[in-house]
Each structure stands twice: as C-alpha cells, then as structure tokens.
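A.B. asks: Kindly generate the complete structure, drawing on both the sequences and the hints.
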Amino acid sequence: MKKYNVAVVGANGAVGEEILRVLEEIDFPLKKLVPLASARSVGKQVEFNKESFDIIELTHDVFEKEEVDIALFSAGGSVSAEFAPSAVAAGAVVIDNTSHFRMDPNVPLVVPEVNPQDIAQWKETGIIANPNCSTIQMVQALKPLDEAYDLVRVDVDTYQATSGAGKSAMEELVSQMQAFFAFKLDEAEHKAFNHQIALNVIPQIDVFTDNGYTKEEMKMVNETTKIMHKEIALSATCVRVPTLRGHAESITMTFDSKINANEARKILKKAPNIVVLDNPDEALYPMPAACIDKNETFVGRIRNDLFSNNMLHMFVVADNLRVGAATNAVRIAQKWIEMEEGS
Numbered sequence: 282m283k284k285y286n287v288a289v290v291g292a293n294g295a296v297g298e299e300i301l302r303v304l305e306e307i308d309f310p311l312k313k314l315v316p317l318a319s320a321r322s323v324g325k326q327v328e329f330n331k332e333s334f335d336i337i338e339l340t341h342d343v344f345e346k347e348e349v350d351i352a353l354f355s356a357g358g359s360v361s362a363e364f365a366p367s368a369v370a371a372g373a374v375v376i377d378n379t380s381h382f383r384m385d386p387n388v389p390l391v392v393p394e395v396n397p398q399d400i401a402q403w404k405e406t407g408i409i410a411n412p413n414c415s416t417i418q419m420v421q422a423l424k425p426l427d428e429a430y431d432l433v434r435v436d437v438d439t440y441q442a443t444s445g446a447g448k449s450a451m452e453e454l455v456s457q458m459q460a461f462f463a464f465k466l467d468e469a470e471h472k473a474f475n476h477q478i479a480l481n482v483i484p485q486i487d488v489f490t491d492n493g494y495t496k497e498e499m500k501m502v503n504e505t506t507k508i509m510h511k512e513i514a515l516s517a518t519c520v521r522v523p524t525l526r527g528h529a530e531s532i533t534m535t536f537d538s539k540i541n542a543n544e545a546r547k548i549l550k551k552a553p554n555i556v557v558l559d560n561p562d563e564a565l566y567p568m569p570a571a572c573i574d575k576n577e578t579f580v581g582r583i584r585n586d587l588f589s590n591n592m593l594h595m596f597v598v599a600d601n602l603r604v605g606a607a608t609n610a611v612r613i614a615q616k617w618i619e620m621e622e623g624s
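Residue 282 is where the sequence shown starts when you use my numbering, and the numbers rise one by one after that.
Source of the hints: derived by calculation from the structure; they are not laboratory data.
It is possible that part of the hints are untrue.
Pairwise CB distance ranges, derived in the manner of DEER restraints [what the hints assert, rightly or not]: (1) 512 / 398: 14 to 20 Å; (2) 550 / 461: 39 to 45 Å; (3) 434 / 387: 27 to 33 Å; (4) 467 / 398: 49 to 55 Å; (5) 363 / 330: 25 to 31 Å; (6) 461 / 307: 35 to 41 Å; (7) 325 / 503: 33 to 39 Å; (8) 405 / 431: 28 to 34 Å; (9) 503 / 449: 24 to 30 Å; (10) 571 / 472: 27 to 33 Å.
Heads up, simulated BS3-like pairs for lysine-lysine below, C-alpha to C-alpha not over 25 Å straight-line [stated by the list, open to error]: (11) 424 / 511; (12) 496 / 511; (13) 551 / 539; (14) 284 / 331; (15) 424 / 551.
Note that the Cβ used here is the ideal one computed from N, Cα and C, for glycine as well.
C.D. replies: Structure, rendered in structure tokens:
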C-alpha cells in the first residue's frame, strides 16, 4: 500500500492532538508526519508513536518543501483561509476542520457514514470540509432513519462540552471549579464565555444572528441540508454545559410516515458507527463521561411521541474532539485514499 506524507496544521491544539492519536490508533498509511503550527509554537514538540516531533512553523511554502500529500487543518478559520490554498497549490488535498469552507458550493462537506460519495468533488478546489461537531453526530443518527421513514423535520437541543471552544475554555472551567472549592467562584474570571460556565449552563454558542438563532445553530441547519442533500426543516438550540468532553443532543424527529421505536432501534443498531445504548430498566443510556476517547456515536432514550405516530425522540452523545472533529477528518482521509487508489 502506498504511504502518504501527512501535515497536521494546529498539531498542538486540542483537535490536532486528537488527530495524532487517531492516526496512531488506526495505523494510518503514514510515510512522514509534518506537525505544523504558528511561529510561537516552534520549539515545542508533539508525541506520535512514542516519538517526539518538533513543531514546524506553518508557512506558505512548507507544504511543497515537505512534499505533503494530505493536509489536515484544525487551527481556526482564518488560518485555513490563508494557508489552505497554498497547500492545494503544492499538490496536497486539504481536509479542513474549520467552518471557513463548509458552505462553499464547490467544496464537499463530508461525513463518511452519510455522504462518502461527495468526496469525489474534491478536485474542484482541492479541499474537503469537515462539518461542525454537533452536526456530525446528529446526521450519523438521522441518515438511516431518513432512508427508512423519510425525515421531514428535526428539533434538536444540544448540551455541548467546553472543549468545543478549545483548550482555554476547558482550562477556564477547571479554574472556576477550583475557585468554587476555594469559596472564590465570584472572583473567577470568564474570558472564553460570556458568563461563568462552572455550575451553570449558557444558552448561547457563537454569536446571535438577525433571526434570533446563533451561528452555531444555523450551522446545524445549513450543514444538515448540504450533507444529506435534502431540505429538512430544522430548529436547534445550542447550549454550553460545564463538562470537558462529549456533546449530547436531545433530538425530536418528524417523519412522512408512521414510525415505531422498536423498528427504529433495530435500524440504528445496523447503522455504521452507531452504538445503541437503550435499556431504561438498567439505567443504560448514552452519557458524555462514557463516550470519551470513543470513535462511535451513541444513541439511546429512543421512544415514540405520546401524541403523534410519525414522531420519534432520542438522545445522542459523542466525543466532540473525536467523532466531531479528529476521527471524522481521518476517516475522510481514508476514504479519499480508497477513491484515489481505486480510480
């Protein structure tokens, strides 16, 4: 099998570190690892396969110099906007984890378990976009049910961990909890969020738009349509909660036909990357604490609506740094390799 030179942009960030772990765990066909970050990170190292690698400064010519085949970007939208074209010009395929390219009509937005065929469009721009973390786990669970019952509407409430806002946000939660136990929570600073996150929930992720929804909520609306190639009425309320990792979602689905919870459970058990945890008698259901470091999406609390026979409710949980970012990006790379080597 051919091996590839892989660059990880933002290699020492929260998602970058997870990408390295996933690449290591799945024994990716790696010829050379190129860990990239800004100039201020030069001198630092990352660990991969029990070896230490020096961070290389991200520049416009580094992709050509290092002969990069695949560039995994996870360093923020402005970084992707500036440097992704340079990676493409050097002959690399870019898999971008930021929101910058997601709604570009010429850039495929891919969840491999849902729309792997869209990867073939990569040649138009040289870029494949990784969807928003909350969107990825949701569409993985929606797709098999849509195929069976024809989904027409989704209402979702998310409970998103602080890691979705980066390392500094996780550190802020920890420092605020330390302040709480020192009886000084009222003195603790909050910079990552508009309000105190410890012992609190914040019904705002990203900024509000003119329609009253936040940008995070509109990402779920617009990205779902693009990924599933279907206009689905969707309303989202995205909430930040005081956990470190693992996003949870309470999802209500309306279908064009009658649906049975037991049948839906069987369908989901057969779906790719879905693990059904649904035994109320044993208090078995998905929780963020149980999904950390897992590459699967967990589904439970599957139940019929009490009043409408075409509605279903479920609870969906996944590790946002894995399923919602790193794992999805690496799986896109794997599918891209399969397509390139099979063509």
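A.B. asks: Confirm or reject each hint.
C.D. replies: So, going through the hints one by one against the coordinates:
At roughly 19 Å, the beta-carbon separation of residue 512 and residue 398 lies within the given 14 to 20 Å, and the hint holds. A beta carbon spacing of about 41 Å between residue 550 and residue 461 agrees with the range 39 to 45 Å that was offered as a hint. A hinted range of 27 to 33 Å holds for the C-beta pair residue 434 and residue 387, which are about 29 Å apart. For residue 467 paired with residue 398, a C-beta distance near 54 Å keeps the hint of 49 to 55 Å intact.
For the pair residue 363 and residue 330, the supplied restraint of 25 to 31 Å holds, since their beta-carbon distance comes to about 30 Å. In this structure the supplied range 35 to 41 Å holds for residue 461 paired with residue 307, their Cβ-Cβ distance being about 39 Å. One distance hint, 33 to 39 Å for the beta-carbon pair residue 325 and residue 503, holds here, with the actual separation near 36 Å. For residue 405 and residue 431, the hinted distance range of 28 to 34 Å is satisfied, since their beta carbons lie about 30 Å from each other.
For the pair residue 503 and residue 449, the supplied restraint of 24 to 30 Å holds, since their beta-carbon distance comes to about 27 Å. Against the hinted window of 27 to 33 Å, the Cβ-Cβ separation of residue 571 and residue 472 comes to about 30 Å, which satisfies the hint. Simply put, residue 424 and residue 511 have alpha-carbon atoms about 11 Å apart, close enough for the 25 Å limit, and the pair holds. Taken as a hint, the residue 496 and residue 511 pair is honoured in the structure, with Cα atoms around 20 Å apart against an allowance of 25 Å.
Between residue 551 and residue 539 the alpha-carbon distance is near 20 Å, which keeps this suggested pair within the 25 Å criterion. Taking the CA atoms of residue 284 and residue 331, the gap is near 20 Å; set against the 25 Å cutoff, the hint holds. The suggested pairing of residue 424 with residue 551 holds, with an alpha-carbon distance near 12 Å, which does not exceed 25 Å.
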